[in-house]
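Engineer: Please put together the full structure from these sequences, using the hints given.
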Amino acid sequence: MKNNTKFALALLVVGIAISCKQAENAGESANAVTDITSVVSSSAAVQPKNSNRKFVRTADIKFKVKNVAKSTGAIEDATNKFGGFVTYTNLQSNIIDEDQTKISPDSSLVTTKYTVENNLTIRVPNRKLDTVIKTIAHQIGFLNYRVIKADDVTLQMLSNQMAQSRSTSSENRIANAIDAKGKKLNSIMAAEENLDAKKEAKDSKKLENISLNDQVNFSTLTLQIYQDTSVKQEMVANEKSINTYRPHLGLQLWDSLKTGWFMLENILSFLVVLWPFALIGFLGFIGYKKIAEK
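Okay, so the sequence shown: first residue is 1 according to the working numbering, each after it adds one.
Please keep in mind that the hints were generated in silico from the structure rather than gathered at the bench. Among these hints, one or two may not hold up.
As the list claims (entries may be wrong) - Computed beta-carbon distance windows for the label pairs:
(1) GLY260 with ASP99: 43 to 51 Å
(2) THR87 with VAL236: 36 to 44 Å
(3) VAL231 with GLN156: 49 to 57 Å
(4) ASP214 with ASP97: 40 to 48 Å
(5) ASP106 with TRP275: 56 to 64 Å
(6) ASN80 with LEU109: 40 to 48 Å
(7) ASP106 with LEU264: 19 to 27 Å
Even for Gly, the Cβ is constructed at its ideal location relative to N, Cα and C.
Structural biologist: Structure follows, in structure tokens:
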């Protein structure tokens, strides 16, 4: 009875110790995530309330993750969740080293060391930039760097609007001058060209403001993620040596005999082709002997 009581107390102590350790590890993990989130976040990524200023916000972050493919999926899901979209993603494996070891006459073991990385470009609503960055922080195992920029384009956009207004006023004056009677043809053509140039300049400023508005409304995040070097091993079949297909000695001798016979046939055929020259030579020899006898 006493032994059972002691055993139960021992189990209880061990259980309490394990629970405390798990709680401690969970606390450390939570603290680590909180630390990374605070490091990655920045006031430059926060949209001020009741502010009339226009900011183009960009973020450039490089970090290590446990699994690039899974983290890519999590980042893309977070982007869609907060109203953003992915404009570029390039997931690839880079081979560091490859070694092939022969295991048996017909198989080899191929060992490949490689890294997986992905470069992403995402656009998210300006007011959600800090929220998206904090969500992405949960994927970070090691942070290489993070750069967050907030460029104030308020004056630039105002300048473009004023330039458009000036162009509109100038266009109206030129158009009225063209419509006036008694103008020469050359003057009208020059005025038309001037009017086209003014319209083109106004359109350029308008398009520039549209582009700036888009950059203000949607921030751009450039992410570089990677994971630790991985190793993959697989068995592959060895290529058969060309010696495997060599014929046996008897077949080689038979082929040699046939080749020799074919060569003899070719020689005889060539000699037969030369019979006219042999005939001419024979007749010349007979003629020479007759002349010599006389």
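Engineer: Work down the list of hints and note, for each, if the structure agrees.
Structural biologist: Here is what the structure says about each hint:
In this structure, GLY260 and ASP99 meet the distance hint of 43 to 51 Å, their C-beta atoms being roughly 49 Å apart. Take THR87 and VAL236: their Cβ atoms lie about 39 Å apart, and the range 36 to 44 Å holds. Against the hinted window of 49 to 57 Å, the Cβ-Cβ separation of VAL231 and GLN156 comes to about 52 Å, which satisfies the hint. A beta carbon spacing of about 45 Å between ASP214 and ASP97 agrees with the range 40 to 48 Å that was offered as a hint.
Under the hint 56 to 64 Å, the C-beta atoms of ASP106 and TRP275, about 60 Å apart, fit the expected range. About 42 Å separates the C-beta atoms of ASN80 and LEU109, a value consistent with the hinted range of 40 to 48 Å. Here the CB-CB span from ASP106 to LEU264 is close to 44 Å, at odds with the stated 19 to 27 Å.
This entry does not satisfy hint 7, going by the numbered hints stated previously; all others are met.
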